[in-house]
Structures are given as structure tokens and as C-alpha cells.
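2 protein chains.
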Amino acid sequence: MKTQNEIQQHIQLIEHYTQALAILGYDAKTGAPHNSKGQTAKIIGTLSKKLYELQTDSSFGKSIEHLLDKELNEFEKKQYEVQYKTYKRLTSIPSEVYNQLSYLKAKTSAQWGIAKRDNNFNLVKDDLIELININKKVGSLVDDHMSPYDQLLDQFEPNIHTNTIDRLFGNVKNEILPFLHQLKGRNTEHDFSFLKKPFPLEKQRKLATELLKAIDYNFDAGQLRDTLHPFSAGVHPDDARVAIKYVENDVKVAALMTLHEGGHCIYTQNVNKDLVDTGLGRYTSMGLHESQSIFWEKIIGKHKGFWKNHYYLLQNLEPEIYQNISAEQFHLGLHEVKPSLIRYEADDITYPLHIIIRYEIEKALFTDQINVSDLPEIWNDKYESYLGIRPTSDTEGILQDIHWYSGSFGYFPSYLLGFIYAAQLRDAIIHDLPNFDQLIEENRLVTIRKWLTEHIHQYGKLKTSNEILNSLNISGINEQPLLKHLKEKYREIYKLQEVI
Amino acid sequence: MKTQNEIQQHIQLIEHYTQALAILGYDAKTGAPHNSKGQTAKIIGTLSKKLYELQTDSSFGKSIEHLLDKELNEFEKKQYEVQYKTYKRLTSIPSEVYNQLSYLKAKTSAQWGIAKRDNNFNLVKDDLIELININKKVGSLVDDHMSPYDQLLDQFEPNIHTNTIDRLFGNVKNEILPFLHQLKGRNTEHDFSFLKKPFPLEKQRKLATELLKAIDYNFDAGQLRDTLHPFSAGVHPDDARVAIKYVENDVKVAALMTLHEGGHCIYTQNVNKDLVDTGLGRYTSMGLHESQSIFWEKIIGKHKGFWKNHYYLLQNLEPEIYQNISAEQFHLGLHEVKPSLIRYEADDITYPLHIIIRYEIEKALFTDQINVSDLPEIWNDKYESYLGIRPTSDTEGILQDIHWYSGSFGYFPSYLLGFIYAAQLRDAIIHDLPNFDQLIEENRLVTIRKWLTEHIHQYGKLKTSNEILNSLNISGINEQPLLKHLKEKYREIYKLQEVI
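As you go down the protein sequences, you meet chains A and B in turn. Numbering (my numbering) for the first sequence: 1 to 500. Numbering (my numbering) for the second sequence: 1 to 500.
No lab work stands behind these hints, which were simulated from the structure alone. Using N, Cα and C, we set each Cβ at its ideal position, and we do this for glycine too. One thing to keep in mind: the hints can contain errors.
Claimed, not checked - Using 27 Å as the maximum straight-line C-alpha spacing, the simulated BS3-like pairs for lysine-lysine come out as follows:
#, chain 1, residue 1, chain 2, residue 2
1, A, LYS206, A, LYS302
2, A, LYS487, A, LYS252
3, A, LYS463, A, LYS77
4, B, LYS29, A, LYS29
5, B, LYS70, B, LYS88
6, B, LYS203, A, LYS203
7, A, LYS37, B, LYS49
8, B, LYS42, A, LYS42
9, A, LYS50, B, LYS29
10, B, LYS273, A, LYS42
11, B, LYS29, A, LYS37
12, A, LYS37, B, LYS273
13, A, LYS49, B, LYS49
14, A, LYS37, B, LYS206
15, B, LYS37, A, LYS206
16, A, LYS105, A, LYS125
Said to hold, decoys possible - Partner residues are not named here, just some residues of chain A that face chain B (Cβ under 7 Å, in silico):
#, residue
17, HIS16
18, GLN19
19, ALA20
20, PRO33
21, ASN35
22, ILE43
23, THR46
24, GLY222
25, HIS236
26, ASP239
Unchecked claim - Partial chain A-side listing against chain B, Cβ under 8 Å, derived:
#, residue
27, ILE23
28, ASP27
29, GLY31
30, ALA32
31, SER36
32, GLN39
33, LYS42
34, GLN223
The following block holds chain A by itself, in its conformation from the complex:
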């Protein structure tokens, strides 16, 4: 048995390895030498193995199991619960299965790169089947009370399972589909071609830097670099880094992705520093993490008032394009609704449908209702049915995202759960700060950031998503605020009559 002091030291080790891996991962994806990939995978493999050994250490696990039955203060209880959940999950998987899972994740994600490049799903199909099967097996081992897919979901958003998501996403789909139909064609009245004009990468980098400053991202505890797929690395509150991809003829993507990844980092940066190395100093769930990125991207970053204050950045950086475009036109351009094949670039209205398609397919895969070999067809059919457009290649279709091929099943729903949470949080802020719109128009975003810190960020894992909602007098996750927000906003923008 370990003493409580030894347990704290053990948790600290777990945290240091987790943090080291986060830095190495950020480094590997932001300019590390091209040829170093293979060796870096080995280095990361060695540290990951050590992390696994720490997390599954039996004297550690048994000691916290023992202590969880005792009188503990709330802080220790939270700490041990978090560690014990990981311990239980990992130790219920035999190490040969765990190693096979790690191997298949690495193999399939590498093979996905080849299949995507060659636009041929068949090149990765067999690997994907194996990866899904081993995930089902892992699911059956971990917990008898939850279906394998619910267990996967539970890793990313604890306690939000298929029954809840079916309801939330079903309601979203039922309202968004007819709304999208009403909107269709409305925005062809506008010419948004200015958004597609070349915007030099160096200037986009400057824009990204200024936008991050605008939303109170702290560069003393952060960094901005180039990468191939935008992401953020929330190492700890003093180290939360953004990585952005810039596309020369699409400045909108970089601008919104910067606010998105910046939002993730603002969460990390404002966790109470006393929680560092306690195992609680990190986001409480993937859905809530995503709520923070979507809040800054879609709630603030698409607010007219925000661009009233920051549109000058584009005009100064690229006057040739933007001198004759008004802030209002630009703002309208951010709200163009246009079904597209790529999740990543989707507008607010079609975005939920991209996620729902992926959720429906994942769920069907894990309940044996569909076969992997039919995936390209199923994917394309759903795009045609929900969005009215059909992918013509595997690359744009079933091979679009790396998630499944890297073994991240159950992750996709977080994106829409985050959007749903973001709208609920927006309502809660407006309740406390009724001058919300005015704050944005007066560029007093720090007030809003501080509200988020006070009610969410600071707690790290000390409060669950649901405890945070409850503390705001919200009785649970609910899709209605999102639907209301989207419909009101887009009705106004597109001057629609009551369409729904």
C-alpha cells in the first residue's frame, strides 16, 4: 500500500509524463524535422509505455481503491476517482490486447495516410476492421453495464451515452434539416468571392496573432506555430499552444480556426494553477473543452460586434481586397450557408449534420448494423440525404478524417455536444451579464472571459460538466438553446419570415 504522500508523488509522475508527451506531440506536428518521424514515434512509444505502467501500477491502484472507501475530503475524492477510472479501464484490458490495440492504432493511421493519398478506401479497409473489432473486444472487457460504444463515448464525455445523444442529435437533425432547406439559395444574392482571394500566409499569421490577443489568449503562456491540421496542445496553464494551418485563398478558415484553438487554450490557461500536477488540472470533458473553442469561434468570432472592433486588421493587412468591403459584408460572409463535403470548413447550420452523420455511422458500426466494406456507400448516401451533395471520392468521403483510423471512436459527438453546451453557456452568461452584446461591441471581452474562468475554467476536473451546468442553474444538457440561437440569428441575417 502506498501512503497518501506517495500517491500524490505518483500522480505527479503521471502528470509529468503526460505533459512531456504533449510537448513532444506539439513539437512533432509543428516543424520537427521531416525525417525524424520514425524515431520520434519510438521515443513517444517509450514514454507512453512508462505512462501506462504508472497508470496501471497495482500498488497505486489498490491503494486508491482502498482509500476511496474511507473518509476523504472532496478534493482527494475527486483526485482518486479520476485516477481510479483510468486504472480500472486500463487494467481490465490484458496487456497483450492493449499492445495489439496500440499497434493497430499506429498501423491503421499510417495506412490511412496512404489510402487517402491514393483515394482508395480498400487500402485501409482490413486494418479498420481489425481496429474496430479490437475496440469492441476492449469494450466488452471494461464494463459489463455499458455497451462497447457507450464505453467509448464515456471516455470523452462521461455519463453522456447513446440514449442522451440519440435524443439531442435527433432533435437537432429534425429541426436543422427543414431549416437548412428554407435557407438554401438565400445567400446566393451575395458575392462572397472576396473571401477566396489570395491572402499571403505571412499576413494570415499576423492576423492569427492579433485575433488571439483580441480574445485574451496569453502569449506568455502560449505559442503559435504552423501545422498541417489545426490543433492545440494544453500542456498545463502556463503552456497552452496553438497550431494553425493557413490556406492562401481562404483567410476565413485560418481566422475561425485560430479563434477555435485559442478557445481551447484559454480554457487550459485559466485552470487554477494549484491544480497542476494533481491530476485535476485539465479540462473536465471533451464536450466542455469543445464548448470553449466553439464559444470563441462561433459565438464571439461570428458576432457582429467582434468584427466591428477587429475587422480593421484585415483591412490593414490586405487593403487591396478589403478596402471596399465593409465589416458588415465580411460578417455576412462568415454566415454563408452552403452545404459542403468537408466538416472542418462547414458553416454553423450544416456543421451539426456533419457530426450527426459520423455519430450515426459509428453507432451502427458498434452495434453490428452495418459492415465496414459498405462504409463509403453509407457515408456518401448520408451526405446526399442530409446535405444534398454526394462525395465523388473516398478522400472527400469516408477517408476525410483521421479519427476512426487512429482508433478514436466515440470522439466525434463531442464536437456537437460542445456546440450545444456553448449555446447553453451563452444563455447563462446573458443571464448574468445582460449587456453581453454590448460587452462584445465595446470590446470588453475580458469580462466574458473572466465569467467563463469563474464558472468553468478554474475548476479543471474538480467539477464535472453536469456539476458546472447545475451550478449555473441549468438542469442538464439540452439542444434547445442552440437551435433557438441558430434560428434567430440566421433568420435575422437572411431576413427570413417565420420558417419553422
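Given chain A, work out where chain B should sit, using these hints.
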């Protein structure tokens, strides 16, 4: 006892931790968030401790000790000798002494920053005394046959100890001092003020990139970033990174430092990849490492033929300054001899004196001939005596370099040993490639790089410095080629009669 297979796996772990620490170190010094310093030190501390545990693992150490008595092939023998030397050194230090040493290194180097900022040696004096005392103690524990200072030297340049260095450095001093006296004033005939004109940092970065390409540095296995003090991180052959400091009104520093750090990395990049993770896939000694950086900085990077081919870079980047300056004038500017207080920026002739001053002081400290409290005075006296200029502040004097304050005693001599080796290697190349000057003039540097790879780089630690010299029919380290090279070159440049 571990099997040979287990030993190989153990060495691989040691290597992976070493490599991870190199990447984390590079990251920490090249743009990691400012506020992350404290937590990064903890993360690095945790991984360093694990590395120490691996290196001092008793079953590992005893197993290789046992095997070293057996019949081994040459490769295994080298492998085990390298590991055993580290094992013996580390295990002869009691862990409480080792921990105290690590603590004092961290404490004193942090305190050095404060003392340097405040220009006050007294602020760090007591810490330095403690650090020197513990290093003496460590020295007395490790090996009875070597004096504490020789043991420190041996860590950086195995088998080159005080007796050899006294001879080498003594001869250099005896010849350089009168030569410097002859040169004095000769270069005041020229106006080199163009070198001090502002050269925008962004353009210096481009210059650095092009210079690295010019010397066959492989960017697919490398990276170039900004930092506060130039350094390189040779993680493994596929990952050897350069970090440069740019000074706006001194483009010469960035140009030469880029060639210097690039030279270190070219060594790392060309180690045989089969040696990665064997414990032998790295530079064989600090002196030989330094010979490679100095070769590219001072032998190639100050060669007239090199600038014949690359001077256009400066003219293109900053035509306003350089359009009316000839390549010859610029080349002459790189050879301005002018005693200065800063080692780092010193010319070829005074550079050895900067190192000799540090060596003489170190040696005296470790043989109890001087007191730490007298260091500022001793330092300043030596500068006045050897270079004719006297520091007027601690910052420019005794607090100039971090080395001693971070516990790196015995390191400084490597800089001059490297210069000595570089000149010996130059002779060996000229023996094999008598058209050496022509190769440089025709921009066929790859031929020279390949010679270095064939005779030095590829072997990693498979050959010692001395074995490499022997393979080139050089009977050992010798300062005469350096003195001959410098005198011939500077006599010609400054059109001196036979002055010595």
C-alpha cells in the same frame, strides 16, 4: 543478470530518454511559452531522474561489468565500455550527493541570471563556492587515479588531461601573444563599419537558412529557430537542430554562428543510422564535436573561396549596404583582429586566449591556488595581461558565461581543443584532397563534407578522437597545424613580413 538482449533494450531506453530530453531542451530554449519555465524544469527533472535510474541500474551495470570480461566483438565492447564508464561514474557518487549537485547546478545557474542582470558577482559567489566544493567532492569519489579537475576534463575529452592541455595551450599562448602584438593596429587601415550596419532580423534568418544549405546541412533532418544563445541539439541523425541568435547591427555574428552550429549538426546528421539507439550513435568527444563546428565556421566559413560563392546572398538581401562592398572587403572584415571582452564574438587570433584564460582559472580553482572571492580581479587581470583590455563590469567579466554557474567545469578547454583538431583535420583533408582550396572555390563543399563523414562522422562513438587521428596517420593532438595555419593566413591577409 540481464541477457545481452535485455541489455540492448536497456540501452535503447537510455537513448530514448536522452533524445526526449534533447527535444524538450531545444523546445524550452526556442519559443516555448515564457511562463512555462518552472513547470518545464519539473518535467525535465522527472525524465532526468528516470534516465539516471536507468544509467545506474545495478543489474544493468553488473551485467555489463561481467560481460566486459568475456569474449565480445568490437562493437559490443565499445557499447559496453561507453555505458560502463557512465555507470561507474554515477554509481560512485552517493545519491544524496548527486541530488545536491543537481540542486546546486539549478540554483546557481538561476542565481547567475540575477547576478549578471544586476552586474554583481557577490550575488552568486556563495552558490558558486558550494558548487565548486561539491564538484571537488564528486571528483575525489569517482576515481583515485585522476585529480578532480582531470576527471572533469575527462568527461568532455576522454584521456586528454591537464598535462596534455598545459603543453598544448602553453605553446599556443607562447606563439599567439607575440603574434597578436605584431598584428595590432594593422587592421585599423580598413573601414569595416559596414558590418555593423542594421541588417533586418528577417533577412538574417534567410541568410542563415541559405548558409546552412550551402554547407550541406540537411533541412529534412533539421530545423532552424531563434533563441537567446546559439546552440544546437543533436538528437539523432534524423533530428539535428540549429538555434541562432540574431543581432541587428552585427550580421557577422549570425553568419558565423550559423556555420558553427550547422557544423555540429552536420556531424550528428552523418553518423551511421545503424548506430541509433545503440549508445554509440553520437559524437565521440566534445573536442571532436567542436572541431566540426569550428571547421565549418573558421576553416570553410572564413575561406575566400566560400564567400566568392555565397557573398551574393548578403548583396541580394541588403543591397543598400553591400552593393558597393566587394566580396574581398567582406572577407577581410571577417578577419579583423581586435581584442574584445566577449569570447563569443572573438576573432580567430584572440579566441584561443579567451579559452586559455578560462582554463587557467578553472585549473587554479580546482587545485586550490585561488579563492572564489578573488575571481573578478583574477579574470580582469588576465584579460588585461593577455588581451590588453580590462573588463569594467562583472557582467562583461567573470559573469560572462553560464558554464561554471551551471556546473560545467572542464568544458571550456573543448573549444580550443576543437580548434586544434580542426586545423589537424584540415591538413589531413589537404593530404587526401590536394585541391582543397579549389573545391571550396568551385563550391564543391559536398566533397569535403563527404570526406569528413567517411573519416569521422559515420563512426559516432565507435572510434575515439585519438583512433580517428591515428586512422589519418596523425600521431595525436598537436597545436602546430593550428599555429601554422593562423600565422600563414593572417600574415598574408595583413601583408606582414616574417614576424615570428
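Against the structure, the hints come out as follows:
1. Distance hint between LYS206/A and LYS302/A is fulfilled; the C-alpha atoms sit about 19 Å from each other, no more than 27 Å.
2. For the hint pairing LYS487/A with LYS252/A, the CA-to-CA distance comes to about 22 Å; that is within 27 Å, so the pair holds.
3. Simply put, LYS463/A and LYS77/A have alpha-carbon atoms about 12 Å apart, close enough for the 27 Å limit, and the pair holds.
4. Proposed proximity of LYS29/B and LYS29/A is supported: the alpha carbons are some 18 Å apart, at most 27 Å.
5. Our distance criterion of 27 Å between C-alpha atoms is met by LYS70/B and LYS88/B, whose separation comes to about 18 Å.
6. Restraint check: the Cα-Cα separation between LYS203/B and LYS203/A comes to about 17 Å, which is no more than 27 Å; the hinted pair holds.
7. A distance of roughly 26 Å separates the Cα atoms of LYS37/A and LYS49/B; the hinted pair therefore holds under the 27 Å criterion.
8. Proposed proximity of LYS42/B and LYS42/A is supported: the alpha carbons are some 23 Å apart, at most 27 Å.
9. The straight-line distance between the Cα atoms of LYS50/A and LYS29/B is roughly 26 Å, inside the 27 Å bound, and the hint therefore holds.
10. Under the criterion of a C-alpha separation no larger than 27 Å, the hint pairing LYS273/B with LYS42/A is consistent with the structure, at around 14 Å.
11. Between LYS29/B and LYS37/A the CA atoms are separated by roughly 21 Å; this keeps the pair inside 27 Å, and the hint holds.
12. At most 27 Å may separate the alpha-carbon atoms for a hinted pair to count; LYS37/A and LYS273/B meet this at roughly 14 Å.
13. With a C-alpha separation of about 17 Å, the suggested pair LYS49/A and LYS49/B falls inside the 27 Å cut-off, and the hint holds.
14. For the suggested pair LYS37/A and LYS206/B, the alpha carbons sit about 25 Å apart, so the restraint of at most 27 Å is met.
15. Between LYS37/B and LYS206/A the CA atoms are separated by roughly 25 Å; this keeps the pair inside 27 Å, and the hint holds.
16. A threshold of 27 Å between alpha carbons decides the hint, and for LYS105/A with LYS125/A the separation of about 13 Å falls inside it, so the pair holds.
17. Checking HIS16/A against chain B: minimum C-beta separation of about 4 Å stays under 7 Å; hint holds.
18. Interface restraint check: GLN19/A against chain B, minimum CB-CB distance 5 Å, threshold 7 Å, status holds.
19. Look at ALA20/A: its Cβ gets to within about 5 Å of chain B, closer than 7 Å, so that hint holds up.
20. With 7 Å as the threshold, the beta carbon of PRO33/A comes within range of chain B, its nearest partner Cβ sitting at about 5 Å, so the hint holds.
21. A distance limit of 7 Å between C-beta atoms decides the matter here; for ASN35/A the minimum to chain B is near 4 Å, and the interface restraint holds.
22. Because the beta carbon of ILE43/A sits about 5 Å from the nearest beta carbon in chain B, less than 7 Å, this interface hint is met.
23. The interface hint given for THR46/A holds, since its Cβ lies 4 Å from the closest Cβ of chain B, which is under the 7 Å cut-off.
24. Taking 7 Å as the C-beta contact cut-off toward chain B, the hint placing GLY222/A at the interface holds, the least distance being around 5 Å.
25. Taken as an interface hint, HIS236/A checks out: its beta carbon lies about 6 Å from the nearest beta carbon of chain B, inside 7 Å.
26. The beta carbon of ASP239/A is positioned within 7 Å of a beta carbon in chain B (closest approach about 4 Å), and the interface hint is therefore held.
27. With a least beta-carbon distance of about 6 Å to chain B, the hint placing ILE23/A at the interface is held under the 8 Å criterion.
28. Interface hint at ASP27/A: satisfied, since its Cβ lies 6 Å from the closest Cβ of chain B, which is below the 8 Å cut-off.
29. A hinted interface residue such as GLY31/A counts as satisfied when its beta carbon comes closer than 8 Å to some beta carbon of chain B; here the least separation is about 6 Å, so the hint holds.
30. Against a cut-off of 8 Å between C-beta atoms, the interface hint on ALA32/A holds, since the closest Cβ of chain B lies about 7 Å away.
31. Because the smallest distance between the Cβ of SER36/A and any Cβ of chain B comes to about 4 Å, under 8 Å, the interface hint for this residue holds.
32. Hint on GLN39/A holds. Least Cβ distance to chain B is approximately 6 Å, under the 8 Å limit.
33. Because the smallest distance between the Cβ of LYS42/A and any Cβ of chain B comes to about 6 Å, under 8 Å, the interface hint for this residue holds.
34. Because the closest C-beta pair between GLN223/A and chain B is about 6 Å apart, less than 8 Å, the hint holds.
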